[in-house]
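Colleague: From first to last, the protein sequence lines stand for chains S and V.
With the first letter of the first sequence counted as 1, position 259 gets the number 258 in numbering that gives the first Met the number 0; the numbers rise by one all the way through.
With the first letter of the second sequence counted as 1, position 277 gets the number 276 in numbering that gives the first Met the number 0; the numbers rise by one all the way through.
Hints listed in this document are in silico derivations from the structure and should not be mistaken for laboratory results.
All residues carry an ideal CB built from backbone N, CA and C; glycine is no exception.
Watch out, some of these pointers could steer you wrong.
Claimed, not checked - Not everything, but these chain V residues come out facing chain S in the computed CB check (under 8 Å):
hint	residue
1	Pro169
2	Ala305
3	Val307
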Amino acid sequence: MADHSNAPAPSTETLVDIYRRMIRIERNDDTIRTAIRRGKLVMPYYSARGQEVIPSAISTLLTDDDTICTIYRGIHDMVAKGMPLRPLWAEIAGRVDGTCKGKGGPMHLTHPETGVMVTTGIVGSSMPIANGLAWAAQLDGSKRVSIAYFGDGASNIGAFHESLNLASLWKLPVVFVCQNNGFAEHTRYENGTSVDFIAKRAAGYGMPGYTVDGNDPWAMYAAAHEAITRAREGAGPTLLECKTFRFLGHVLGDDDKYMTKEEKDAAVAVDPLPRFRARLIADGHATEDQLTAMQAKIQAEVDDAMAFGLASEFPSVEELRRDVFEQEIAA
Amino acid sequence: MSETVKQHAFQAINSALHQAMADDPKVLVFGEDIADREGGGVTGATIGLSTKFGDQRVKSTPISEQAIIGAAIGAALAGYKPVAEIMLMNFTTVCMDMIFNHAAKLRFMSGGQSTVPITIRTLTGAGWQTAGQHADHLEGWFAHAAGIKVVAPSNPADYGGLLLSCIQDPDPCIIIESAGTLFIPGDVDTVQTPIPLGVANVVQEGTDVTIVSWSSMVVRSQMAVAALAEKGISAELVDLRTVSPWDREAVLASVAKTGRCAVVHEALRSFGPGAEIAATISEELFGKLKAPVRRLGAPECPVPFAKVLEDAFLVSVDQIVAAVEDVAAQG
Ligand SMILES: Cc1ncc(C[n+]2csc(CCOP(=O)(O)OP(=O)(O)O)c2C)c(N)n1
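Please construct the entire structure, taking both the sequences and the accompanying hints into account.
Modeller: Printed below as a string of structure tokens:
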């Protein structure tokens with residue numbers, strides 16, 4: 000694991016902020032899964048449970064102007080980035096008040112106001128587009144940073160290799176964030192990827208690459224701080240390989256047969272959420288009561304968003320003809 | 000001794016693959032997650048193959064579609080018969096260069112020296128609320144490339160029989176597995192017989208109007224034929240089975256008899272294969288037609304997420320009935 004000792008230690012405020020984002024992710028994830036099980040929502044769902052630390056730590060270093068491109072398993076990235084929950088829920092419920100009027104659904108949310116520019120269902124495709132956003136930031140002379148979120152499996156696709164090369168060549172303000180949860184669908188990391196650490200691949204493209212414990216908020220914050228600072232200062236891209244684990248299989252309903260019970264139990268035993276909570280309290284950053292109250296508040300917000308989303312109307316069939324182009328097309 | 004059993008499409012595909020691998024040591028099967036270690040494919044179509052035929056002939060791959068089809072082409076050039084799975088049809092976009100510029104053209108460009116006997120199996124179809132990047136019917140793209148055969152079965156026996164022909168075919172074939180057809184059981188022989196490519200199947204004879212369809216829309220057209228019969232309209236249903244090359248003779252013979260035709264497909268109506276078929280009928284049977292050929296297909300928009308929109312996107316049984324009634328009323 001890399002040492003980023005140059006990065007400042009996160010303040011109490013930042014640590015609590017990371018935790019708040021993590022809880023918002025976890026409460027949404029849990030509530031979505033319950034809603035699906037109860038038949039209130041019908042959708043393919045790729046839970047990011049277990050991966051909360053990565054985008055939470057990163058997002059404390061970003062503003063609404065900074066952009067992210069994420070993937071089908073990206074609700075944690077969106078929530079961490081600050082996407083409002085009501086339109087998020089309306090979108091996953093396929094309703095008109097959704098971020099995309101119900102047309103994109105859970106695999107294709109977009110919310111430019113909070114910098115969520117693309118959610119893609121095509122493995123590897125977040126990276127080339129993140130480069131374009133970074134290039135635009137460079138052309139605009141702004142300090143905006145572009146984040147590309149993707150999985151370990153995505154690092155085996157051509158788009159990864161082309162994107163890293165281009166970003167390095169053009170010194171783009173982009174951070175490639177690989178959320179290495181050890182599996183690509185049912186394929187174990189080592190059966191799909193030729194190197195033991197994805198971060199090593201950065202060397203081939205002339206950029207720094209770090210393997211980080213993606214479940215450790217301090218490590219994540221330090222690595223993200225360095226990468227984002229580098230990008231903002233015009234020094235170019237970084238590849239962050241963030242090691243984590245997904246607790247719930249590839250897609251909701253998948254029976255996890257390709258994982259061993261031991262490895263799953265071991266991962267759940269070090270669940271980053273309760274672990275971080277305990278540390279925050281032990282180190283005096285927050286009290287038990289404060290965190291419990293925070294959680295209740297967030298749950299209320301999630302419940303409100305769900306009620307809003309499910310009460311929103313279905314889109315009218317006219318929507319099939321809208322947004323294909325700026326001008327409506329004839330049927 | 001062959002018996003007849005009830006199977007759904009993936010079971011028929013699975014047994015056809017077992018049969019093809021046992022019959023010919025040159026047959027290879029590979030794709031993402033397809034080996035037994037990874038669960039035998041997300042649909043179970045390849046279950047048992049790696050255990051039975053070994054991990055040299057049956058391989059799970061990284062998420063690397065371009066490398067998958069490239070490897071298929073290379074192995075084919077060296078005398079093998081690779082069956083490569085591209086998990087979903089939308090992901091063929093990532094390896095279109097390999098399919099379109101190479102697989103489909105090498106025989107011609109090499110003056111007949113090179114043959115590329117590959118089979119690409121791929122799944123698609125709307126109806127699962129997977130939205131814009133997981134459900135497109137792209138047979139028109141492939142049919143527009145000279146040099147690749149495009150196969151689109153509608154029932155379990157055809158899935159198996161057509162797949163066997165694809166594997167034996169000396170040229171590249173893509174076989175489309177469509178959501179709307181997959182879980183309808185049908186009679187399948189325990190020893191399957193290849194069904195020739197390019198030969199349509201008259202599912203239902205009729206006298207008033209010909210319905211030409213394939214894949215998922217054959218299922219809906221069959222329901223429409225039954226509803227039309229109740230209204231006193233005798234429709235002949237021709238299941239094309241192979242979209243390219245398509246069975247012109249069978250279609251022209253049927254339309255010459257009925258004098259009327261509707262083409263029904265799940266792919267977008269505009270620039271869809273229906274246009275080619277309708278144009279050919281008009282050219283060949285101009286004087287004999289009692290009504291213009293009608294085309295039914297999806298509206299010109301990406302596959303939407305919201306259920307109401309997705310339902311409206313797909314051609315419905317009612318739409319087929321109404322269109323055919325209208326055509327039948329003319330002339
Ligand atoms: C180009 C492409 N190929 C295949 C798929 C099917 N697929 C969806 S998710 C996935 C696994 C991706 O694994 P990884 O990149 O590690 O991300 P994770 O799901 O673990 O977050 C695959 C193969 C796809 N969506 N796009």
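Colleague: Does each hint fit the structure? Answer for all of them.
Modeller: How the hints compare with the structure:
For Pro169/V, the shortest C-beta to C-beta distance to chain S is roughly 29 Å, which exceeds 8 Å, and the interface hint is violated. With its C-beta approaching chain S no nearer than about 3 Å, Ala305/V sits inside the 8 Å limit, and its interface hint holds. Residue-level restraint check for Val307/V holds (minimum Cβ-Cβ distance to chain S is 5 Å; threshold 8 Å).
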